[in-house]
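These are the residues of each chain, in order.
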Amino acid sequence: MNKKILTSGCSFTSQLHPNDGGPWNRPKVDEGCPTWSDFLYKKGYDVVNIGFPTNANSSITRGLICKGKEFLDEGKEFSIIAQFSMAIRSEIFISSEESEDFDFYLPREFGGKHDFSWNLNNWKEEDFRKHFWILTGGNLGDDPFDNEYIVKKIKKWAKYFYNKEYQILNTLERIFDLQTFCINNNIPLKIFFLDGMDWDIDNFFYEEYFQTHFYKNLIDWDKIWFYHLKEDLILDKTRSVTRTLYGGMYEWMHEQIPDPKLRYKAIDDGHPSDYAHEKFVNDVILKWGVV
Amino acid sequence: MNILISGDSFSDNKNPHAWPNYYEGHKVINRAVGCHSNLSISRTIIESVTESDIDFDYVICEWSTPMRASYKRFAPEPYQRIKHKECVGIASFENSDVYKSFEFYTSESVWLRTLENILRTQWFLETKKLKYKFFFGWNISFIEAIRFFPELSKLINFDNWWIHETPMGPPYPHAPFTEGSEEYSGMAEWCVDNGIELEPDGHPTNKGHEMFYKELASKWIYE
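Heads up: the sequence lines are chains A and B, in that order.
For the first sequence, my numbering gives the first residue as 1132, with consecutive numbering after it.
For the second sequence, my numbering gives the first residue as 321, with consecutive numbering after it.
Worth flagging that the hints you see were computed from the coordinates, not collected in a lab.
Keep in mind the model is a prediction, meaning the values are calculated, not measured.
Backbone N, C-alpha and C define an ideal beta-carbon position, used for all residues, glycine too.
Any given hint could be a false lead.
Said to hold, decoys possible - With the Cβ distance kept under 7 angstroms, some of the chain B side facing chain A (calculated, not the full set):
(1) Asp373
(2) Asp375
(3) Thr426
(4) Glu428
(5) Ser429
(6) Arg440
(7) Trp443
(8) Thr447
(9) Ser473
(10) Glu485
Said to hold, decoys possible - Calculated lysine to any residue pairs in the SDA-like style (CA-CA distance at most 20 angstroms, straight line):
(11) A/Lys1255 - B/Phe376
(12) B/Lys453 - A/Asn1315
(13) A/Lys1200 - B/Phe468
(14) B/Lys448 - A/Lys1255
Modelling step: build the complete structure from the supplied sequences, incorporating the hints.
Set out below in structure tokens:
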């Protein structure tokens, strides 16, 4: 039962931020907002969770390969469970050597002037004074982040660099990166998505996205868990969940947990409840055969 | 033998004397394009192997400067070079607009992308059990990648690379592409060290292409 499992993802996998304990010194269990990864640990698995709120698919993959290589060098056997997020999310690299605006974003505890923002990330704490990432999140600067410079930076990036086709292709490439890393190192892997919205026909395999199509045959689909939501779910007057063959945890919890008070951590938030996370482990993850 | 090649202008067969055009008796698919970025080079290799009806026996990949970026496959890739945060020519960086926003350019981020593109291609070819050879068109200062990302660099399988050892050593006054100074040199420095001058713009001459093929590239496919 003490097999090592490396997990990552966005806020559906970890709600802890660097300024409150994670991911560098993440407690084995986040008692305040436990996720599926925490419930795996509670069941006796030796889980290392490097998930992070606002995480993007590139940084999820990079973190897993970085930490995975560390485990390999130490001779450890482990599995990987990766929760991928929305393809729209990206990350902006900020370097103390080259980014003239470095100090605008640097948190106070590292010598900067600002509070730690939700969307700053790095794989190692000791690297923060040299460089870090600004995670764009899904709203590309429209979230009320606490540092106005970060908002301006993300909005500028979105204006000049955001390209939907690129983001979709990047996510497919990241799936492929993680799969080949695991294949070459005999690491059991399962990927699942936050939700199925990106997999709509207008996105991943949209006919005018010429470069995405060859990944259809390249990706090992058995290593990805999708939830088949057969019917649209009308939740209330303003919210619904669309039927899809490529659903993620979001579609699963809306169909499998009809009571919203049981389903959400907070009714106006949308993240899964502790109950939903534990049920996801019992009903879904433990049946994959990777742990 | 069916050979797949990608790279930038150092391998582009628009030049009829480019080294890939010397392979006689073999079927060569050359996807190299002038100004190709490493992302595009990686994508053309993966796409060709995956989509083509041809069963390739050997893949050769010439890697380019990390500063270049990619646009869309069916759009011309804008030429760009950035040195010391000054754009020479029309810039592109992932979506071609970095010349408007140099603040988004950092050496570390472009080296990380280049390492990822090399590793993605390597892992892809190894899972497909395809023989391959990688090399640099010129010294792109790969030592920087190792300095920035020592652990990630260790994942590169250098057994399948050709890297030019530099017997004469730096400087290379007549090799304007040369960005690094010591290790991990490529085709341009090999030409110089073998007494073959480069074109004034830094590209190999026809003689350089021919000698590179005869001395090196022709032999790789039989290793």
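Going down the list of hints, with the structure as the test:
Annotation: B/Asp373 was flagged as interfacial toward chain A, and the flag is violated, the nearest CB pair being 13 angstroms apart, outside 7 angstroms. At about 15 angstroms, the closest approach between the beta carbon of B/Asp375 and any beta carbon in chain A exceeds 7 angstroms, and the interface hint on this residue is violated. Interface restraint check for B/Thr426: the shortest CB-CB distance to chain A comes to about 4 angstroms, inside 7 angstroms, so the restraint holds. Proximity of B/Glu428 to chain A holds as hinted, the smallest CB-CB distance being about 5 angstroms (cut-off 7 angstroms).
Contact between B/Ser429 and chain A, as hinted, is supported at the beta carbon level, the nearest pair being about 4 angstroms apart and thus within 7 angstroms. Checking B/Arg440 against chain A by beta carbon gives a least distance of about 6 angstroms; that is within 7 angstroms, so the hint holds. Restraint check, B/Trp443 versus chain A: the minimum CB separation of about 4 angstroms is within 7 angstroms; hint holds. Annotation: B/Thr447 was flagged as interfacial toward chain A, and the flag holds, the nearest CB pair being 6 angstroms apart, inside 7 angstroms.
A least Cβ separation of about 11 angstroms between B/Ser473 and chain A goes past the 7 angstroms threshold, and the interface hint is therefore violated. A hinted interface residue such as B/Glu485 counts as satisfied when its beta carbon comes closer than 7 angstroms to some beta carbon of chain A; here the least separation is about 28 angstroms, so the hint is violated. Between A/Lys1255 and B/Phe376, the direct Cα distance comes to roughly 41 angstroms. Violation of the 20 angstroms bound is thereby established for this hinted pair. As the CA atoms of B/Lys453 and A/Asn1315 are separated by approximately 19 angstroms, the hinted pair is consistent with the 20 angstroms bound.
The suggested pairing of A/Lys1200 with B/Phe468 holds, with an alpha-carbon distance near 16 angstroms, which does not exceed 20 angstroms. At most 20 angstroms may separate the alpha-carbon atoms for a hinted pair to count; B/Lys448 and A/Lys1255 exceed this at roughly 34 angstroms.
This entry does not satisfy hints 1, 2, 9, 10, 11 and 14, going by the numbered hints stated previously.
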